[in-house]
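Residues per chain, in single letters:
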Amino acid sequence: EVQLVESGGGLVQPGGSLRLSCAGSGITFSSYWMGWVRQAPGKGLEWVATVKQDESLKHYVDSVKGRVTISRDNANNSLFLQMSSLRAEDTAVYYCATLGDFELHGGNPVWYFALWGRGTLVTVSS
Amino acid sequence: DIQMTQSPSSLSASVGDRVTITCRASQSISRYLNWYQQRPGKAPDLLIYAASRLQSGVPSRFSGSGSGTDFTLTIFSLQPEDFATYYCQQSFSTLTFGGGTKVEIK
Numbered sequence: 784e785v786q787l788v789e790s791g792g793g794l795v796q797p798g799g800s801l802r803l804s805c806a807g808s809g810i811t812f813s814s815y816w817m818g819w820v821r822q823a824p825g826k827g828l829e830w831v832a833t834v835k836q837d838e839s840l841k842h843y844v845d846s847v848k849g850r851v852t853i854s855r856d857n858a859n860n861s862l863f864l865q866m867s868s869l870r871a872e873d874t875a876v877y878y879c880a881t882l883g884d885f886e887l888h889g890g891n892p893v894w895y896f897a898l899w900g901r902g903t904l905v906t907v908s909s
Numbered sequence: 011d012i013q014m015t016q017s018p019s020s021l022s023a024s025v026g027d028r029v030t031i032t033c034r035a036s037q038s039i040s041r042y043l044n045w046y047q048q049r050p051g052k053a054p055d056l057l058i059y060a061a062s063r064l065q066s067g068v069p070s071r072f073s074g075s076g077s078g079t080d081f082t083l084t085i086f087s088l089q090p091e092d093f094a095t096y097y098c099q100q101s102f103s104t105l106t107f108g109g110g111t112k113v114e115i116k
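Going down the list, the sequences are from chains A and B.
The first sequence begins at 784 in the numbering used here and counts up by one.
The second sequence begins at 11 in the numbering used here and counts up by one.
Keep in mind that the hints were calculated from the coordinates and are not lab data.
Beta carbons: idealized from backbone N, C-alpha and C, even for Gly.
Below, in silico cross-link-like pairs of lysine-lysine (DSS-like), each with a Cα-Cα straight-line distance of 27 Å or less: (1) K826(A) to K112(B); (2) K826(A) to K116(B); (3) K52(B) to K112(B); (4) K52(B) to K826(A).
Chain B is nowhere near these chain A residues, computed Cβ spacing over 10 Å in every case: (5) Q796; (6) G798; (7) L801; (8) D837; (9) K841; (10) N857; (11) A871; (12) G889.
Whenever a hint applies, use it, and build me the whole structure from the sequences.
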């Protein structure tokens, strides 16, 4: 079955750390850019980070730069998000997703989130 | 940063209605625009990519159009399973989502 399954969420105190994992199955994991998207309770979607197949490129939203590291282990079809100095505003469901790309008229590709996991909830609270 | 503004933020409609959701970018993004559907308690699903290309497996009653700054998602003949929240997302510069449009049952 084609799926992504996140784990590692939970309750953490402000200033604490957490490592999220995402296991892929049924897909050629190593061939995809991968990313994390989060959703605060009752709010919209926010892109967090993306990583290229070989980890040579990583991108982060400004609000997490310096506090979050995205990484992957292609041998084990796994994606990770190491989060530190957590704040209340980091409270959200964190989704991992594969990225697809479509070339537009020979220019840069359109990037989209193709396959999503079910998400894991991170709660930052004392 | 490019801001994405969706309108309306919510709407009520009946089964069989045609529904139109708009997404406006704060600057031109060509056709670097995607649409997602999120049912309550579920992860989002990709509907449309590159403004108008239907993702495999998505019903043909969903249609996307637009380029530059103004985009539209149309649902022709709304079905019960279409009551959900819809998000646009641009990839012209980094990746940002619109605030969402909740489609509710009238």
